[in-house]
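Visitor: Same order as they appear, the protein sequences are chains S and W.
Positions 1 to 471 (this note's numbering) are the ones given, in order, by the first sequence.
Positions 472 to 942 (this note's numbering) are the ones given, in order, by the second sequence.
Just so you know, these hints were derived from the structure itself, not from any lab.
A hint or two may mislead.
[Stated by the list, open to error] No farther apart than 25 Å at their CA atoms in a straight line, the calculated lysine to any residue pairs in the SDA-like style are these:
hint, chain 1, residue 1, chain 2, residue 2
1, W, Lys510, S, Val333
2, W, Lys805, W, Glu476
3, W, Lys510, S, Val361
Protein chains: 2
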Amino acid sequence: MTPEEFRRLGHQVVDWVADYRERVAALPVMSQVSPGAIKAQLPASPPSAAEDFQAIMADLDRVILPGLSHWQHPRFFGYFPSNGELASVLGDYLSTGLGVLGLSWQSSPALTEVEEVTTDWMRQMVGLSESWSGVIQDTASSCTLVALLCARERASGFSLVHGGLQGEAAPLVVYVSAHSHSSVEKAALLAGFGRDNIRVIGTDGIHAMRADLLEAAIRADLASGRRPCAVVATSGTTTTTAFDPLQAIAAIAREHGVWMHVDAAMAGSAMILPECRALWHGVEGADSLVMNPHKWLGVAFDCSLYYVRDPEHLVRVMSTNPSYLQSGVDGRVKNLRDWGIPLGRRFRALKLWCLIREQGVEGLQRRLRRDLENARWLEAQVGGEPDWRVLAPVALQTLCLRHEPPGLEGEALDRHTLEWAGRVNASGAAYVTPAVLDGRWMVRVSVGSLTTEREHVVALWELLRTEAAAG
Amino acid sequence: MTPEEFRRLGHQVVDWVADYRERVAALPVMSQVSPGAIKAQLPASPPSAAEDFQAIMADLDRVILPGLSHWQHPRFFGYFPSNGELASVLGDYLSTGLGVLGLSWQSSPALTEVEEVTTDWMRQMVGLSESWSGVIQDTASSCTLVALLCARERASGFSLVHGGLQGEAAPLVVYVSAHSHSSVEKAALLAGFGRDNIRVIGTDGIHAMRADLLEAAIRADLASGRRPCAVVATSGTTTTTAFDPLQAIAAIAREHGVWMHVDAAMAGSAMILPECRALWHGVEGADSLVMNPHKWLGVAFDCSLYYVRDPEHLVRVMSTNPSYLQSGVDGRVKNLRDWGIPLGRRFRALKLWCLIREQGVEGLQRRLRRDLENARWLEAQVGGEPDWRVLAPVALQTLCLRHEPPGLEGEALDRHTLEWAGRVNASGAAYVTPAVLDGRWMVRVSVGSLTTEREHVVALWELLRTEAAAG
Chain S
1 MTPEEFRRLG HQVVDWVADY RERVAALPVM SQVSPGAIKA QLPASPPSAA
51 EDFQAIMADL DRVILPGLSH WQHPRFFGYF PSNGELASVL GDYLSTGLGV
101 LGLSWQSSPA LTEVEEVTTD WMRQMVGLSE SWSGVIQDTA SSCTLVALLC
151 ARERASGFSL VHGGLQGEAA PLVVYVSAHS HSSVEKAALL AGFGRDNIRV
201 IGTDGIHAMR ADLLEAAIRA DLASGRRPCA VVATSGTTTT TAFDPLQAIA
251 AIAREHGVWM HVDAAMAGSA MILPECRALW HGVEGADSLV MNPHKWLGVA
301 FDCSLYYVRD PEHLVRVMST NPSYLQSGVD GRVKNLRDWG IPLGRRFRAL
351 KLWCLIREQG VEGLQRRLRR DLENARWLEA QVGGEPDWRV LAPVALQTLC
401 LRHEPPGLEG EALDRHTLEW AGRVNASGAA YVTPAVLDGR WMVRVSVGSL
451 TTEREHVVAL WELLRTEAAA G
Chain W
472 MTPEEFRRLG HQVVDWVADY RERVAALPVM SQVSPGAIKA QLPASPPSAA
522 EDFQAIMADL DRVILPGLSH WQHPRFFGYF PSNGELASVL GDYLSTGLGV
572 LGLSWQSSPA LTEVEEVTTD WMRQMVGLSE SWSGVIQDTA SSCTLVALLC
622 ARERASGFSL VHGGLQGEAA PLVVYVSAHS HSSVEKAALL AGFGRDNIRV
672 IGTDGIHAMR ADLLEAAIRA DLASGRRPCA VVATSGTTTT TAFDPLQAIA
722 AIAREHGVWM HVDAAMAGSA MILPECRALW HGVEGADSLV MNPHKWLGVA
772 FDCSLYYVRD PEHLVRVMST NPSYLQSGVD GRVKNLRDWG IPLGRRFRAL
822 KLWCLIREQG VEGLQRRLRR DLENARWLEA QVGGEPDWRV LAPVALQTLC
872 LRHEPPGLEG EALDRHTLEW AGRVNASGAA YVTPAVLDGR WMVRVSVGSL
922 TTEREHVVAL WELLRTEAAA G
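Sequences are here, hints too, so could you generate the full structure?
Guide: Structure representation (structure tokens):
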């Protein structure tokens, strides 16, 4: 495709996306297709000859669109938001169009330096001290894996340059909670710790890790000859946005030389609001931290920020230095390939840069406060209605709720919950996420899509009551 | 940013990218900036108030552009190409604009199914049998890490559900070659094997792994009570695009129950040309394979394809299944989060889909053949010139060459090489990569940027001779 064709077709693509964002509210939020339905409409073999780009655009409307659940929909209340604010989308367009790669500082200096600047902007925005250094990675899953690898290498005295984890005598142990994200256990398993060496610490009445049980578990492991290695604390759990007590956990981690990683994937964005920062009091005691501006804040996916207090340790664990990647300035620059797993790196900082500048910190704060108020409004409605219950504190913008008609309990209640939630999603009018809390199904309502205004939350509440009553 | 503003500014961004692609040939290929120069031009703190998008566009020209090395430049001969063909760029624009996420099949069915279809198209295009299943990941670094994790778990009988790698009695061993990519050793170290358990197998005169030495190393490890676990064979090494003998390696791997992973990151794309497939004869004997359509083929970075013969094993190693990610159709669909490390996944298949359709397989083949011919032309020129030497077989499109004036040897020759290569890169007229081969610096010329025509290779050859003579 020539630049001239790209200019013409690119305008068409931009218009299509603009139209999509304008009309998305009129589409069913959750895709209604059956498994295999999309695949069945696509040729089983690739085309030998070139096709006209218009054929692709036609298939986009005909085949692809019905197969999408719309994350940018104003009545998307599922999972956590994945907001692609349009200024950030343009930043990503610039990055893809430029097509530069950050294998090393020299391979595109601005890629590295804008990343340094914007991750430091974010550090300031969420109120972290100057002792943190940041880097952009793809997802929290990857960041947490990197964190546990760094913990493993600190605790083992750099076993990787010797016998690896298989050369270790006493097992290293990782501490998580039952409400840690699934990616945390996955990271611990992939890092080689083994499930026998993952301790799932109990939580309190509001689903936050109990520091006293953490301390007890560490002491028990020490007593049995194991080596406590890492604790993952969560600021804003996935199910209920519970906040683990970072201050208390940090004190225990420090006492026992345990690496402390904070998973603030969702709630990190909230910390641009000074009034939220008490929720992660103690975060400065951690060794590493992940937050995802590609969730609530609005950076087009993917943009996960990983912060560490000791970048030299990170680099020592992750670095490679083959001759074809060396350059004369290596001693004076950051080579961000040594800050994560992938060698190749997109210019992801551009989309963060565009978002922060075009919105301004105040604009971002205003939107997040809007969402917090909408969540509180919904909490008040649900709490004021007989037969409805808010099941966990609404710390931010996620509500856990259940319709509990008299006489319905146990598995019958589970069935009722899954049925009405299914009806809500099948209606196409809103998208919510059923999940298990304390052994029972409930419904998560995550407020915070870009275009979600009060009216959409009002409509959701009406829909929830209608579908729950329709059983 | 509203959709209307996005429409207007999006056109501007598309025009900027179209202009960039048109004028990039006139820019210095390698950025000329000093460390810190970009950072110094950017505010140290984020803006409180919103800025006009035009201020960002102005900084793009003023600050960012001089800080880039231009990978889409017709005289970019560095590393390996990272081609962002413009049809693929548009596919990525659609993906970012849609902003949908593939946490599970249900969270956007088309995302998963188009990925199944396009990875299968690529399988057919490179001539792999139907027994392979593919998935899109970010980079070969990540794919190779996943491969070694799967190897580890197969050899250890799923140690991750027990004591992990630290519960293993006899060490597991990984086999690589001195010409394996740096990401291979990194992956083995991160997976916990430890450097003591990585065997670097010697290579032959053309830098390919010696199967007889692999066999001997495996037998030696078995004799000393270690357990051979995985071998990574390379189809197209980074330094010289050497091809390891897959057939022989596969036979050894099969005999000893060793996992065989093929790193075809660069050369996988070449296999869309039937005449190249003899180079990876034996690939069907492997357990896993990675190829990067984001290199030569032209898919906008990042798009790395990971193929496995046993997807159930992959899923068993990588799967997580928290309640909030479950859906009623899980038994009948692929949940690609269980095919890699990240939970969140972009709609990356769109850019692969757009590239293949808009170019057609024949169009892609034509371009790659052009590059092969250009590389052969340059090989003939260098080979015909006294004092110049082609140091390794030109299997594909990468040349390893050196200017060897009479009387210059050893470190003096190294200095000469690094000096003239430095002058080439500093001139801005072309970008090449110095690297070490057999203990001596040489210069890699990687032909294969999208817009590189014969005239650019002619100009490069002229430049190389000029700068080498200028010392």
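Visitor: Against each hint, give a clear statement of whether it holds in the structure.
Guide: The hints, checked one at a time:
1. W:Lys510 with S:Val333: The given pair, whose Cα atoms are some 12 Å apart, holds under the 25 Å limit.
2. W:Lys805 with W:Glu476: violated, 38 Å
3. W:Lys510 with S:Val361: Answer holds: W:Lys510 to S:Val361 is near 20 Å, not above 25 Å.
Violated hints amount to a single one, hint 2; each of the other numbered hints is respected by the structure.
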